[in-house]
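Chemist: Sequence:
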Amino acid sequence: MSFRVEPLGENGYNLGEGPHWDSERKKLYFVDAFVGDVLAMDVSTGRTDKTSFKDLVTIVIPFEENNDILLVSLRNKVLKWDTKANTREVIARIAPELEGKERFNDGKVIAPELEGKERFNDGKVDALGRLWIGSVLDGPNGAVPQKGSLYKLFANNFVKMSDNITLSNGMTWNLYNTKMYFNDSGDQKIYVFDFDLQNGLLHNKKVFVDFKCNPDFKSDEYPDGMTTDKSGRLWVSLYGGGRVVQINEESGSVENYVSIPALLTTSIAFGGQELDQMFVTTGDDKQDLNEYPNAGKIFRVTSSDHTFRGNKIETNFRPNV
Numbered sequence: 001m002s003f004r005v006e007p008l009g010e011n012g013y014n015l016g017e018g019p020h021w022d023s024e025r026k027k028l029y030f031v032d033a034f035v036g037d038v039l040a041m042d043v044s045t046g047r048t049d050k051t052s053f054k055d056l057v058t059i060v061i062p063f064e065e066n067n068d069i070l071l072v073s074l075r076n077k078v079l080k081w082d083t084k085a086n087t088r089e090v091i092a093r094i095a096p097e098l099e100g101k102e103r104f105n106d107g108k109v110i111a112p113e114l115e116g117k118e119r120f121n122d123g124k125v126d127a128l129g130r131l132w133i134g135s136v137l138d139g140p141n142g143a144v145p146q147k148g149s150l151y152k153l154f155a156n157n158f159v160k161m162s163d164n165i166t167l168s169n170g171m172t173w174n175l176y177n178t179k180m181y182f183n184d185s186g187d188q189k190i191y192v193f194d195f196d197l198q199n200g201l202l203h204n205k206k207v208f209v210d211f212k213c214n215p216d217f218k219s220d221e222y223p224d225g226m227t228t229d230k231s232g233r234l235w236v237s238l239y240g241g242g243r244v245v246q247i248n249e250e251s252g253s254v255e256n257y258v259s260i261p262a263l264l265t266t267s268i269a270f271g272g273q274e275l276d277q278m279f280v281t282t283g284d285d286k287q288d289l290n291e292y293p294n295a296g297k298i299f300r301v302t303s304s305d306h307t308f309r310g311n312k313i314e315t316n317f318r319p320n321v
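The sequence shown begins at 1 in the UniProt record's numbering and counts up by one.
To be clear, the hints were calculated from the coordinates, so they are not data collected in a lab. Be careful, since some hints might not be right.
Straight-line distance between alpha carbons at most 27 Å, and here's what the computed BS3-like set of lysine-lysine pairs gives [to be verified]:
| no. | residue 1 | residue 2 |
| --- | --- | --- |
| 1 | 117 | 84 |
| 2 | 84 | 54 |
| 3 | 212 | 77 |
| 4 | 286 | 54 |
| 5 | 189 | 206 |
| 6 | 218 | 117 |
| 7 | 312 | 286 |
| 8 | 205 | 312 |
| 9 | 212 | 189 |
| 10 | 117 | 189 |
| 11 | 189 | 230 |
| 12 | 160 | 189 |
| 13 | 286 | 230 |
| 14 | 80 | 54 |
| 15 | 80 | 50 |
| 16 | 179 | 189 |
Computed beta-carbon distance windows for the label pairs [stated by the list, open to error]:
| no. | residue 1 | residue 2 | range |
| --- | --- | --- | --- |
| 17 | 155 | 66 | 17 to 25 Å |
| 18 | 274 | 45 | 33 to 41 Å |
| 19 | 215 | 66 | 42 to 50 Å |
Even for Gly, the Cβ is constructed at its ideal location relative to N, Cα and C.
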């Protein structure tokens, strides 16, 4: 299978993340995480609208009932943003007690200097529109090992579904919604859970791919964003690797890859009328701009092979699941 890779638009971003294809409006939503911008791109022209939230922002997903309303994550909370009325309402935040001794299965109390340092990272909605979002605990030297969690949003509260995570990142599901895959960038592992879609439950967490002992991956490649294609294969963006890889959903072996002219390949989403375009967000590591002048841009990947398609139109957020 051969691929064509092209940058979209004129602008690069400090850390592009969280791509979500709006099939109704034919727009790609994404964020510039640490800058605090929410962006919407017309992929046919590259024109991009930007709104600044002046805080860390990691995901943006339209509401199912009205795609003028967007779900936006800000640090330790999620907002309902009405883009027409320009109103912003906090839906839920990480409860303070979740940052204390109840926060960890090992019963350890969080160090006082780290209180309030847990923040959201990547998130996605499942086939029913239920939000899943992971966290990281920021310490003085980066992510605190095994102190992040995976949450689901239920009745305007975050429910912790898994912990012992270092740097929560991309997630996706198999074609039958019986498996959920989840990236821990800090530990360089992809995990798999048995998934109960109707009840929103996870069971039997297992290591699916361990980058540290797998010759398919380099030591400086970290699993970041993730999605599923029409055939059920996983596509994973490798932060630090300048590529996205196709992984067999059963064996965990790499079956294909696409080189991206930007080392910090952060996340991916299929889109376009036929879901035959893959959009890749990237970051602009200043040290690599001479070698990778388009680093930080959004890239579009296409192929003449008809199997290069997304699994399904991305579900939008449904608040009452």
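Chemist: Does each hint fit the structure? Answer for all of them.
Modeler: Hint check:
1. With a CA separation close to 32 Å, the supplied pair residue 117 and residue 84 exceeds the 27 Å bound.
2. Proximity of residue 84 to residue 54 is assessed by CA-CA distance (about 19 Å); at most 27 Å being required, the pair is judged to hold.
3. Our distance criterion of 27 Å between C-alpha atoms is broken by residue 212 and residue 77, whose separation comes to about 33 Å.
4. For the hint linking residue 286 to residue 54, the alpha-carbon distance of about 22 Å falls within 27 Å, and the restraint holds.
5. Our distance criterion of 27 Å between C-alpha atoms is met by residue 189 and residue 206, whose separation comes to about 10 Å.
6. At roughly 30 Å between alpha-carbon atoms, residue 218 and residue 117 are farther apart than 27 Å, so this suggested pair is violated.
7. The hinted pair formed by residue 312 and residue 286 fails the criterion: a straight-line CA distance of about 35 Å is larger than 27 Å.
8. About 25 Å separates the Cα atoms of residue 205 and residue 312, which keeps this hinted pair within 27 Å; it holds.
9. Our distance criterion of 27 Å between C-alpha atoms is met by residue 212 and residue 189, whose separation comes to about 8 Å.
10. For the hint linking residue 117 to residue 189, the alpha-carbon distance of about 23 Å falls within 27 Å, and the restraint holds.
11. In summary, the hint linking residue 189 to residue 230 is supported, as the alpha carbons are separated by about 23 Å, within the 27 Å threshold.
12. Proposed proximity of residue 160 and residue 189 is supported: the alpha carbons are some 20 Å apart, at most 27 Å.
13. Restraint check: the Cα-Cα separation between residue 286 and residue 230 comes to about 36 Å, which exceeds 27 Å; the hinted pair is violated.
14. Annotation: proposed proximity of residue 80 to residue 54 holds, straight-line Cα distance about 16 Å (limit 27 Å).
15. At most 27 Å may separate the alpha-carbon atoms for a hinted pair to count; residue 80 and residue 50 meet this at roughly 17 Å.
16. Among the hinted pairs, residue 179 with residue 189 is consistent with the structure: their alpha-carbon atoms are about 16 Å apart, no more than 27 Å.
17. Checked against the given bound of 17 to 25 Å, the beta carbons of residue 155 and residue 66, roughly 20 Å apart, stay inside it.
18. The hinted range of 33 to 41 Å is not satisfied by residue 274 and residue 45, whose Cβ atoms lie roughly 19 Å apart.
19. In this structure the supplied range 42 to 50 Å holds for residue 215 paired with residue 66, their Cβ-Cβ distance being about 48 Å.
Hints 1, 3, 6, 7, 13, 18 from the earlier list are contradicted by this structure; the remaining hints agree with it.
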